[in-house]
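A.B. asks: Chain by chain, the residues:
4 protein chains.
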Amino acid sequence: MIKVGIYGATGYTGYELVKLLQRHPAAEIVFATSQSYAGKTLADVFPAAPALPLIAGEDALLDGVDCVFLCLPHAAAAATAVTALEAGVRVIDLSADFRLRDASTYTEWYAHTHPAPELLAEAVYGLTEVFRDDLPGARLVANPGCYPTSVLLALRPLLLSDIVISGPIIADSKSGVSGAGRTPTATTHFVEVADNFSPYKIGRSHRHLPEMEQAIHWWRNDAPSLIFSPHLLPTPRGILSTLYVTLGEDVAEGDLRDLYTDAYMEEPFVRVLPAGQQASLAHVNHTNQCAIGLTLVGRTLILTSAIDNLVKGAAGQAIQNMNVVFGCPETYGLM
Amino acid sequence: MIKVGIYGATGYTGYELVKLLQRHPAAEIVFATSQSYAGKTLADVFPAAPALPLIAGEDALLDGVDCVFLCLPHAAAAATAVTALEAGVRVIDLSADFRLRDASTYTEWYAHTHPAPELLAEAVYGLTEVFRDDLPGARLVANPGCYPTSVLLALRPLLLSDIVISGPIIADSKSGVSGAGRTPTATTHFVEVADNFSPYKIGRSHRHLPEMEQAIHWWRNDAPSLIFSPHLLPTPRGILSTLYVTLGEDVAEGDLRDLYTDAYMEEPFVRVLPAGQQASLAHVNHTNQCAIGLTLVGRTLILTSAIDNLVKGAAGQAIQNMNVVFGCPETYGLM
Amino acid sequence: MIKVGIYGATGYTGYELVKLLQRHPAAEIVFATSQSYAGKTLADVFPAAPALPLIAGEDALLDGVDCVFLCLPHAAAAATAVTALEAGVRVIDLSADFRLRDASTYTEWYAHTHPAPELLAEAVYGLTEVFRDDLPGARLVANPGCYPTSVLLALRPLLLSDIVISGPIIADSKSGVSGAGRTPTATTHFVEVADNFSPYKIGRSHRHLPEMEQAIHWWRNDAPSLIFSPHLLPTPRGILSTLYVTLGEDVAEGDLRDLYTDAYMEEPFVRVLPAGQQASLAHVNHTNQCAIGLTLVGRTLILTSAIDNLVKGAAGQAIQNMNVVFGCPETYGLM
Amino acid sequence: MIKVGIYGATGYTGYELVKLLQRHPAAEIVFATSQSYAGKTLADVFPAAPALPLIAGEDALLDGVDCVFLCLPHAAAAATAVTALEAGVRVIDLSADFRLRDASTYTEWYAHTHPAPELLAEAVYGLTEVFRDDLPGARLVANPGCYPTSVLLALRPLLLSDIVISGPIIADSKSGVSGAGRTPTATTHFVEVADNFSPYKIGRSHRHLPEMEQAIHWWRNDAPSLIFSPHLLPTPRGILSTLYVTLGEDVAEGDLRDLYTDAYMEEPFVRVLPAGQQASLAHVNHTNQCAIGLTLVGRTLILTSAIDNLVKGAAGQAIQNMNVVFGCPETYGLM
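Protein chains in written order, with the numbering used here: chain A, 1 to 335; chain B, 1 to 335; chain C, 1 to 335; chain D, 1 to 335.
No wet-lab data here; the hints were simulated from the structure.
Do not take every clue at face value.
Stated by the list, open to error - Stretch-level coverage of chain C by chain D, calculated; a stretch enters the list once three of its residues show a Cβ under 8 Å from a Cβ in chain D: (1) 179-186; (2) 193-203; (3) 228-237.
Stated by the list, open to error - Far from chain C, some chain A residues (derived; all Cβ distances over 10 Å): (4) Met1; (5) Trp109; (6) Asn221; (7) Asp222; (8) Ala223.
The beta carbon of each residue, even a glycine, is placed where N, CA and C say it ideally should be.
Using the sequences and the hints given, assemble the complete structure.
C.D. replies: Written out as structure tokens, the structure reads:
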């Protein structure tokens, strides 16, 4: 039994982790923390939640756990990671703190000095399908962002191929509101979101951009730059990314489809859709799946890639990573 | 031309007032205030709004206006009303401050002493269809609450009749989220509201209860008590109240329908639906209409009453009242 | 392993059954039928569904199954039930065909003669919490309607007590759109439902009324009549019923709460909420739970009762019934 | 007074026309047709509609009208247009029948021979801002499609400039459900649309593609081909198109903004947003506005363009066209 602690259990991601871990046959929640609700239970926060006691972060006993999940704001996550690692506890961090390998890039995008730059080299980027071999026994996993998960799983087979790419890679992404967190703001007010649809931080201004480009360059050093345009959908959850990649040579759609089908054939959580089908939120919501559709029009490859931002885009992938780190079957708690 | 000032123009009610007044052939907005956005324009707050300059309340010049609308929190509204009345400006107050005639009832429900009890006797309760004769030339109008408007228009013909009512009057009301205001809270977060439906403050605990019972007793002194159960709907706007009244004698549905049809025959903004039809939000949203459906089952009269909470339940009725106060055609700006 | 067949697997209820049975540790789907999609798989109908083959009803082999679930229109369900029972297969019918014990009442509400009146006496009304003792080994279970499940679980402790009830029992119910089925109609068109909320068949005209009154009279022979007003919510799923019962004597709210708490203390799927809390869709959606809130105002008892119409109101309760019929732990596949 | 007839008044576009024409100071509805509801009134179809009598198309008297709006399926529209023109009545056709100048392109995309190819040369493409000079006195106006309106207004200033464009033009468009019409289908069922978001007919397979490319080539003969990917939004109305155009040379964002601001400076219904702002549905719904945001990232120009598909994308633009045809102020009925 993997004994688990959750820091920040009352956000949407933390609660999703609790729901998934309750069904996990080989993991057990030992503690769950919350700054705002310490002393209460999770049932006081979410009507359908179990009466899991919530404690303050500083009261969590690291002795009794094998692994902690960090659903904390950036910077706070890194500080807790340091403490946990010193106590010999493995860390799966769902914040952005260990996703970027370069501390100066982190500083540039997050506007403060990295709290633990010495750990960046060790952190495994937890896009499970890609870094599976680095995960067993890892001490520190940087769980990918939600948008990057949808974009990177869709791009990787192409980037690893030798098909020439010309022109920018465009990711037009649309996300449900839970991606914005549970803190009430004007942006997440029901009346502002319902019946509306709006772009935000488009182009090259969203914090997930450097995370995506870092991985893109791992896979193809000279890849063209990425244009990333997120939009806010009037749905509680789900991300659909529509990607446009201009190829520099003629390729047959069938060959591209084979490339993708081969890449993900063995994957339990990635599904390449048949010709003529596109990914939608209905393919993936409330599951740990990533659905990928593929269409070639002339030399433009259009990829549609859908995930549930709270599952494959956060809590589900975190558990998938935990499973690999601890040597469990990768699908435990996720089917 | 009626020269108008709006206090609190950046709430949902204030913005609705601006939209309606822009189409009004005999009114003109002279100023609009906002504490949070003073120095900006309404277009900075709502993407489709005009670039109406917003000033701080204390910078508003009462000299240039004939009438002010108060879309302010209670207590703040009363204080501003006093200032405006002293300057000879008529006041249409959309807060709760002048709705209850009894200062001690106000104190009981709003938990502070009434700031201007000397004005309570003068304030006209602006349920236009009912108090139309008291409005011409009135200095101070207390615009009714949204729930009370839907409930009272539906109950009044029955209460004024001599049909015996036995047992409690039950109002099961459902409101869209704009009724909760524009300040972001956990309750109005998109993810909490979407796909959900929840009762709140049911029974006899909502502040609109004493307002409704006050009017009920004006019309029938010995009326049974009211049970009022509001619920939050996952829609931006609209109220539907389903009312259950147990009659103490046998009545024919046709006679009841005649009673209602006669009562509202001349009214431009109240529509009694034909037999077999029930009111819905689609009947009334974005209009100043109240739609009323009527069904008799044994001795239980079921009334369905729908309004747009921001129009007939707030800004629309406020303009309807202004029209009568200033002797304009009542439908100006509202058709 | 209970071998199971599903008739009508491509409606919302049938699909929910498939999803729940996939997680059931002691049941296995042997066949799934569909008239419209025979020859295809369930994945052709729902993007996230498994590739379960769909066959025509007449091609289903009853030999290989222990139990069938009927998600068919009324009349069609009864005919299939007869065939299955003759083949020695147990039947859990999710249609209305065997809910009413009196064939003439059935004819009156469903406008055709009952196809198999000889089976009515044998059918067990599958409100599991109530008829649990009649279920083991039962050949034919009539799974309750969605509205009746929410209303009856909330009323039963009161009806079984000796507290006097005066005046009609009022159930003001609100349901998500999946309750209307998957056949596209003007009523279920997104544009008609979104931003809207509407009553329908209120009073005593909905087909679930006789089903509810039948059970009410089982529990209290002289109960007053029921007023039942359904409304259509702009949500995919969930039912909230707000019930108003006028008591004929003074009772303490604490005593009522004890009555309910005692009645459901041992129940895994019924949850009586603490004082001051009301049931909402968020308490129950995607679960087999019924949440019940209780408030006393004078002599009016207000009950709020929430279920997921597709789970506790249909497929979940059907599996709960199957579990008891076949002697499995009642919570199998449902936690 | 312009006397107007509406063919097909009970679709979403027809009803929107009725609502707008009721406020028009110089137009009057003489008849409204409906095949399904002939003999009833519009109030029987939409709860908030006026009691406008509906007649069968063949009973419409063309004598009494100056102008007809055709909200009919393609082919049916062309046939009615011929009849109306022969009777000396001007035609504003909201179907696709006269949008494509080339009858063989029409046949290719609409899978039947064009019913009146002799009229194609005469029809004015009613993108009002662009073809305003061709409209006065026109006999036949082809009102643009909803997607084309949002895409073409955003592209035109760039296409008319001498800025080099390289690579394909990408339009990633998202539309509310009313764009799919009022006929109930599986695609428009509330349960399928709510909480979902899905691409459809992406790449080069939607019928609006040839309409857009036709206009693109009018403005720049050698423009690169268009990639057009529509998506279905869970909202009743509104279109947002996010466009990506790769430029073949370095341009300053300020110069591009000037280009757009100058192009639309005098336009009452096109609004170029200031730097840093993007178009959203909230900018335009329930108005005849097109809002355009502009961002330059390297050599990629990102345009966001929003309209209400039922207003600027259909009924509103139709009235705007009527105003110009008949010499009325262009904003009549639309502000």
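A.B. asks: For every hint, state whether the structure bears it out.
C.D. replies: Now the hints, each set against the structure:
Interface restraint, the segment 179-186 of chain C with chain D: holds (4 residues with C-beta to C-beta distance below 8 Å; minimum three). Look at the segment 193-203 of chain C against chain D: 3 of its residues bring a Cβ nearer than 8 Å to a Cβ of that chain, three or more, so the hint holds. Taking a C-beta to C-beta cut-off of 8 Å, the segment 228-237 of chain C contributes 4 residues in contact with chain D, enough for the three needed, and the coverage statement holds. A cut-off of 10 Å between C-beta atoms confirms that A/Met1 is not in contact with chain C; the least separation is 19 Å.
The Cβ of A/Trp109 sits about 34 Å from the closest Cβ of chain C, beyond the 10 Å cut-off, so the non-interface label holds. At roughly 36 Å, the least C-beta separation between A/Asn221 and chain C is larger than 10 Å, which holds for a residue marked as non-interface. The Cβ of A/Asp222 lies farther than 10 Å from every Cβ of chain C, with a closest approach of about 36 Å, so its non-interface assignment holds. Chain C leaves A/Ala223 outside its interface by the beta-carbon criterion, the shortest separation being 31 Å against a cut-off of 10 Å.
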